[in-house]
Amino acid sequence: MSKISLNLATTRAQWGFAEAVEGCLRAGITAISPWRDQIAAIGLEEAARIVRDNGLQVTGVCRGGMFPAETAQGRQAGIDDNLRAIDEAAALNADCLVLVVGGLPGASKDLPGARAQVAEGIAAMLPHARASGVRIAIEPLHPMYAADRACVNTIDQALDICETLGETVGVAIDVYHVWWDPYLARAIARAGRMKRIFAHHICDWLVPTRDMLNDRGMMGDGVIDLKSIRAMIEEAGYHGPQEVEIFSTENWWKRPGDEVLSVIKERVASVC
Numbered sequence: 001m002s003k004i005s006l007n008l009a010t011t012r013a014q015w016g017f018a019e020a021v022e023g024c025l026r027a028g029i030t031a032i033s034p035w036r037d038q039i040a041a042i043g044l045e046e047a048a049r050i051v052r053d054n055g056l057q058v059t060g061v062c063r064g065g066m067f068p069a070e071t072a073q074g075r076q077a078g079i080d081d082n083l084r085a086i087d088e089a090a091a092l093n094a095d096c097l098v099l100v101v102g103g104l105p106g107a108s109k110d111l112p113g114a115r116a117q118v119a120e121g122i123a124a125m126l127p128h129a130r131a132s133g134v135r136i137a138i139e140p141l142h143p144m145y146a147a148d149r150a151c152v153n154t155i156d157q158a159l160d161i162c163e164t165l166g167e168t169v170g171v172a173i174d175v176y177h178v179w180w181d182p183y184l185a186r187a188i189a190r191a192g193r194m195k196r197i198f199a200h201h202i203c204d205w206l207v208p209t210r211d212m213l214n215d216r217g218m219m220g221d222g223v224i225d226l227k228s229i230r231a232m233i234e235e236a237g238y239h240g241p242q243e244v245e246i247f248s249t250e251n252w253w254k255r256p257g258d259e260v261l262s263v264i265k266e267r268v269a270s271v272c
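With UniProt numbering, letter number 141 in the sequence shown gets 141, and the count goes up by one each step, no holes.
Keep in mind that the hints were calculated from the coordinates and are not lab data. Being a predicted model, the structure only gives us computed values, none of them experimental. Only true hints are included.
Straight-line Cα separation of at most 25 Å, PhoX-like style, residue types lysine-lysine; simulated pairs:
(1) K227 to K265
(2) K3 to K227
(3) K195 to K3
(4) K265 to K3
(5) K265 to K254
(6) K195 to K227
Model the full assembly from the supplied sequences, consistent with the hints where possible.
In structure tokens:
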């Protein structure tokens, strides 16, 4: 189970932070990745105590980002929120703070401009991240989210930003978002050479997918070649836990949490 981390979004509907940790411990899982609202609900001090007392690895904190804005004031508010996210990640001794960088601000059609705002926003938060010992992981999202959630859509785009900002900044590779990329193997190898793979998220792409946000599949139920991608990532030098992150309003969020974890353990062993 040392190769599994539970992203707490996977049991969001069933459990809060403390209940999710208890469920993980029952299942023999000792790595988690919480969301900031889940941390806020229990309080940062209590969340840190739970992590510390149970010897948990926190593979990431979700999420920072959302940098593009229509005004300078809006962009500064985003940076300020990211500085708070760094403090939360540091308190939990997280492996990284995961960024969903944001899309087009307002009615803008300027995609290159939005990407420039992302790079500027990350640069502004880096001094505090470095002083706090927190690594920053850009998570490229599928192009369907380019307008509203993330204007960085491939590993290569994320690595281009990393190259300009230094080694504190890397990537979180989520198979749901990058499995389709014809240059995936090359991009993962590039990330490995740069030593910038900070996290590896897994789930599956269902056919059909009923909702592009909240109908992710359990590993093995869809079309992603999980073993091949895992092999690429390990060949590139990353051997940390595979972080299971499943948003599923009509399936997995309706099942008991312990059942979900049982299935995760079986699928990681058999199809990942």
